[in-house]
Every structure is written in C-alpha cells, then in structure tokens.
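Protein sequences, first through last, are from chains A and B. In terms of numbering that gives the first Met the number 0, the first sequence opens at residue 0 and continues consecutively. In terms of numbering that gives the first Met the number 0, the second sequence opens at residue 0 and continues consecutively.
Please keep in mind that the hints were generated in silico from the structure rather than gathered at the bench. Glycine included, every Cβ here is placed at the ideal spot set by N, Cα and C. One or more hints might be untrue.
As the list claims (entries may be wrong) - Computed, partial: chain A to chain B, Cβ under 8 Å:
#	residue
1	127
2	142
3	271
Said to hold, decoys possible - Estimated spans, in silico, between C-beta atoms of each pair:
#	chain 1	residue 1	chain 2	residue 2	range
4	B	33	A	311	56 to 62 Å
5	B	309	A	212	38 to 44 Å
6	A	68	B	68	29 to 35 Å
Protein chains: 2
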Amino acid sequence: MPTSQVRPQQASKCPPSPQHADPYHTRTGQERVIERTDPVLYGVAPQGPNSLTAPQLQQYARDGYLVVPDVFTTEEVDVLRATTADLCSSPRLQGRDELVIEPDSQEPRSLFSPQRFSPLFERIVRDARILDKVEQVLASPVYLHHARVNIKGAFSGRSFPWHSDFETWHAEDGMPLPRAVSAWIMLSENNRFNGPLFAMPGSHRVFVGCAGSTPDENYRQSLRHQQAGTPSGLVMRQLAERFGLDSVEGTVGSLVLHECNLMHGSPDNLSPWPRTNLFFVYNSVTNPPAERPFAATRFRPEFLACRGAVPLR
Amino acid sequence: MPTSQVRPQQASKCPPSPQHADPYHTRTGQERVIERTDPVLYGVAPQGPNSLTAPQLQQYARDGYLVVPDVFTTEEVDVLRATTADLCSSPRLQGRDELVIEPDSQEPRSLFSPQRFSPLFERIVRDARILDKVEQVLASPVYLHHARVNIKGAFSGRSFPWHSDFETWHAEDGMPLPRAVSAWIMLSENNRFNGPLFAMPGSHRVFVGCAGSTPDENYRQSLRHQQAGTPSGLVMRQLAERFGLDSVEGTVGSLVLHECNLMHGSPDNLSPWPRTNLFFVYNSVTNPPAERPFAATRFRPEFLACRGAVPLR
Numbered sequence: 000m001p002t003s004q005v006r007p008q009q010a011s012k013c014p015p016s017p018q019h020a021d022p023y024h025t026r027t028g029q030e031r032v033i034e035r036t037d038p039v040l041y042g043v044a045p046q047g048p049n050s051l052t053a054p055q056l057q058q059y060a061r062d063g064y065l066v067v068p069d070v071f072t073t074e075e076v077d078v079l080r081a082t083t084a085d086l087c088s089s090p091r092l093q094g095r096d097e098l099v100i101e102p103d104s105q106e107p108r109s110l111f112s113p114q115r116f117s118p119l120f121e122r123i124v125r126d127a128r129i130l131d132k133v134e135q136v137l138a139s140p141v142y143l144h145h146a147r148v149n150i151k152g153a154f155s156g157r158s159f160p161w162h163s164d165f166e167t168w169h170a171e172d173g174m175p176l177p178r179a180v181s182a183w184i185m186l187s188e189n190n191r192f193n194g195p196l197f198a199m200p201g202s203h204r205v206f207v208g209c210a211g212s213t214p215d216e217n218y219r220q221s222l223r224h225q226q227a228g229t230p231s232g233l234v235m236r237q238l239a240e241r242f243g244l245d246s247v248e249g250t251v252g253s254l255v256l257h258e259c260n261l262m263h264g265s266p267d268n269l270s271p272w273p274r275t276n277l278f279f280v281y282n283s284v285t286n287p288p289a290e291r292p293f294a295a296t297r298f299r300p301e302f303l304a305c306r307g308a309v310p311l312r
Numbered sequence: 000m001p002t003s004q005v006r007p008q009q010a011s012k013c014p015p016s017p018q019h020a021d022p023y024h025t026r027t028g029q030e031r032v033i034e035r036t037d038p039v040l041y042g043v044a045p046q047g048p049n050s051l052t053a054p055q056l057q058q059y060a061r062d063g064y065l066v067v068p069d070v071f072t073t074e075e076v077d078v079l080r081a082t083t084a085d086l087c088s089s090p091r092l093q094g095r096d097e098l099v100i101e102p103d104s105q106e107p108r109s110l111f112s113p114q115r116f117s118p119l120f121e122r123i124v125r126d127a128r129i130l131d132k133v134e135q136v137l138a139s140p141v142y143l144h145h146a147r148v149n150i151k152g153a154f155s156g157r158s159f160p161w162h163s164d165f166e167t168w169h170a171e172d173g174m175p176l177p178r179a180v181s182a183w184i185m186l187s188e189n190n191r192f193n194g195p196l197f198a199m200p201g202s203h204r205v206f207v208g209c210a211g212s213t214p215d216e217n218y219r220q221s222l223r224h225q226q227a228g229t230p231s232g233l234v235m236r237q238l239a240e241r242f243g244l245d246s247v248e249g250t251v252g253s254l255v256l257h258e259c260n261l262m263h264g265s266p267d268n269l270s271p272w273p274r275t276n277l278f279f280v281y282n283s284v285t286n287p288p289a290e291r292p293f294a295a296t297r298f299r300p301e302f303l304a305c306r307g308a309v310p311l312r
C-alpha cells in the first residue's frame, strides 16, 4: 500500500454492548476470576510442512504459549530489524500515533501497523510459516487484528504490567471470544537480562474481569503505561500461586505462539541489548468485532484493531 | 540508641578536594575508564569458623561478588523482615529522609540506618558471621559506612540503573580508595522474576569516571532514581562485551559479599514477591573519608555515609 494513502482513522463513537450475556464482562464493577469454557485448540487441522507437531500443540494448549526456534533466518531478521529502525527514524513517522514513545525518554517503544509503511512487513503478515500454524491452532481462516513491533531499547525500555491481551481486545475492540493468537518473531535474542516476557503458564484458562472503567482515548495512555485492564495485586498473587511464572526466552528468528488470553507482562530492559519483537495478532474470521466494544464508549483506531475481518487467504 | 536521640544530620559545606592527584576522579569532565591498580583482597587473614574458604576468596577476587548460602536462618530473617515492615509503617519514620519512597507510587523503596531505630539491626551490624568475612577480605578492622534495607516491593519496586557504589561514595562521601565491602542478607528469595541484582563479573577491576557534575543535594533525587554517576550507554556496552552479565540470585538467609566498585544495577520487580535485602557497607578504618568529597560541594548526611571511622570491634 502506498504510504500516501495511510491516514490515521477516526475512532467511531457508539454505546457499549449489553453486559449481561457476556461471559467475559470486564471493567464493569468488581474484579472477578472465571474459568474459561471456550476452547484453546479449535479442532484437528490437516498437517503440512509448516504445521506444529502433536507435542507442540499439546504444549501450546497446556501453557498458552510455545516457542518454535529457527523459523526465520538471521538474514531475514536482520532486514526486518533494519527496516524497523529506518521506519522509527523516518520523518514521515514522527509525531504519528503509530509510533509510541517511552514514558520517560524519547526512545521508540512500539511501532504499530508496520505493514502499512513497508511492503516487507506486508509480505511477512501472510508468511506461510506463520499462517499455517495459526490456522492450525484456530482451525479457521484468520484476519490481521493488528501488527506491531515492540522495541524495548537497551537501558531505556520500560516494563509492561501484567495483563491479558484479550481483556483489552474484548473491552476496547469488541472481540467477542478468545479465538485469536499472537504470533511474534524474535528480532533480537530474548534473554533473562533484556526484559523478557514473563508469563503464567496455563493462565489462559482463566479470565480476569477487571475492576474500573475504560477512560476515553485510553490507548494514548495504555500504550505507554497500561493502567485500565490490569488485575489487582491480590488476584495476581493468587494466579502466581496457582500457575507459577515462566520467562519466555529464545534466539533470533524464533516464532512464539501466544494465546490471546495468556496473563503476561515484562520488566524493564536494563541490559545493553534491545529486546525487539515483531507481533502479528490473528483473529478467526468467525470471531469478528461486535457492533460495539464491550467496555468502552468507542472503538480504538484501526491501526490498533482492524474491524474488517477479511481472510488473509 | 533511644530513637528520641535520632536526628537528621546537617550536611556540612566544604570545597571539593583537588582532583589532579586522585586516580578515581569522576564527574569532572569527559567520561573515562581506567584499570584499577588498588587490590581487591588485601592480605591473608587467619582462618576461623566464619571465614571464607580459599575457593570462595578466589571467586570474590575474580568476580567481585560471592553468594554464601544459609548464613542466616529462616527464623532470623523472618524477624528482620517483620521489623523492617514495622519500621516502614511506623508513624515515627513517616516523612523522614531515612525512608525513601518509590518514584511513582507511595510504596517504600529503601529504609536507611535501620540500626538507629532498632536494636535488632544494631546487633546484626556486628554479627561475627558477617564481620569475620569482611575483615578477612579487607585485612583490617572496619567501620559501618551505612546500612539500608532495599525493599523493592511486589509489582511496584522500580529499577536501579547501572552504577558503581564506590563512584558515588568517592564523589559524594570522600571515600578515598575502594577498600570497602557491601555485605547483604537476602531477606526474601532473590530470583529471576523479582528484580534481582544484575552484575558484570570482574568489572570491579575497572573504574568508570563519569561525565557531568553532582547536583546540590543530589541524594534526594538519586535514592529514588539515580542519574549523576551513571556511565553512558557506550561505556556500558563496552563493559558488557568485556565482562558479560550475571544475575545474583539465592535463597532466604544467603549472605552476599559485594566489592564496592562492582558495576551493577537491577530491573524493576514485576513479580508478586518482594525482593528485600538488608545491606551493610563496611569500610576499612585505614580508608576514612577525606576532608571533603571528591566531586561534590558538601558531604551527604550521616545516615547515608558515616564520617566517624570507629572500628566496630
């Protein structure tokens, strides 16, 4: 897509969905933890050269995430990382909402919708090494909910608090059910020192409906430092007791499949090495956005959550 | 000491020391990295029941730190941790400089000089399980430079950037040479999730003279979020390349000996578990403060740096 066509979308205003029929109601009063009844694996898909093995599928279903090493080559990743750096320093990105800056420095924190600015990213969105696995897990064609690069620069990259992505996508984007997968590529090594993802293995099987409500234009705050949609310390202690913690680490070019409702967060990057990951969020075409968000007065902009559920293939 | 006698000391004003004869000059212009010529181990001390073994001494000399497990019992640590919590919530500590609050919450970050408020801590300062080891390493009687508890609460504990303690103690407290040891007790488990100390093994053998100068009353800022006395990203990348990184972890009751010039920092605590450590900094009585700080216009208050070099035994 020529970048001259790229314009920030206006968020549309509409009343919130009724809550009473929604098993995942959130930001509506008391915090609550429910056991998920919706599936994690949605069926048995035919096998192909890019498919996950049966043990990999079991691990994903059990833990809510899976690291697949060596999916992308070092050469491919070098180009993706260099393109990210070019985009982040490009004059046409400065001041745009897609480029999110760290809360306490001028370093880039996230770049949203890189596929709108670079044909390379647009190609990778549809790469069969990713799509075959995602469609296998969801047993359905998928569309791209959104894409982003989380940069988390050396020394300056700040933490992300504990949260479930699905909680936000449900509350603010109207995603009805947890039938989505984040597939992310490690563009740098993710190690114990550079602010790796912390996850609670198995926590995708519970849903935390959070207390509080969604402020107007919450994304402007939450992308730099999330507050709405984060569970209380009390609940996080209970979940840690039940599920334990793991640190999701791996080498350059690893692909991580990450169930949309997994409870996760990540600490500061104190190290001299950036921790740069390219995220694609795929949602089943059977699970398009509702007519309105479940706990917000208006939808977030399209660069954060696409509302047209057009299959990628 | 009755707490009614505890008063914040006035910082005394005096001109900075001349820089030209000081191998460790810092905060005086260009950043620079020098190889240390002063010893790390100062002699061979007689062996006793609390002494370090020869391999432990070698490890300390090589890495600049050493974790000795099971020095304090769980019961002892439970009492120390409970006393810390009592002090932090005690009305007599509220608003005092000794109690440092997190930069972005109201949670306690550090409690300085706990030995001034509790006879339990006063006893532990002189505990032979610590002092025997410290005097063995420094081959000298020692005095207490300062004591503190770093609390780093669950979820809220924020990072400490990379620094050498000796750089600050030299610049702001007039400590002439790196002949001091931090001995710290793990009052909670230190694990990969709760913001453990990151150290560069062997970095105590170089000294980074930092660029910039010391702001007036710098400690009021630096205890919450240090800026002066932190090396540049360029130098930190060079040191990481040369020394690598390690994460200093251990169980409750472990004692860590930590050479005063070791380059270290620690990330924020995203976990549901506090990371609480009790620090005692012992300086050789042969190394008392100079007449003035080496790179500050006045000494820091006594609760941060005692200037009376009275041997503890």
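Now the hints, each set against the structure:
no. : hint                      : verdict
1   : 127                       : violated (35 Å)
2   : 142                       : violated (32 Å)
3   : 271                       : holds (4 Å)
4   : B:33 - A:311: 56 to 62 Å  : holds (57 Å)
5   : B:309 - A:212: 38 to 44 Å : violated (59 Å)
6   : A:68 - B:68: 29 to 35 Å   : holds (34 Å)
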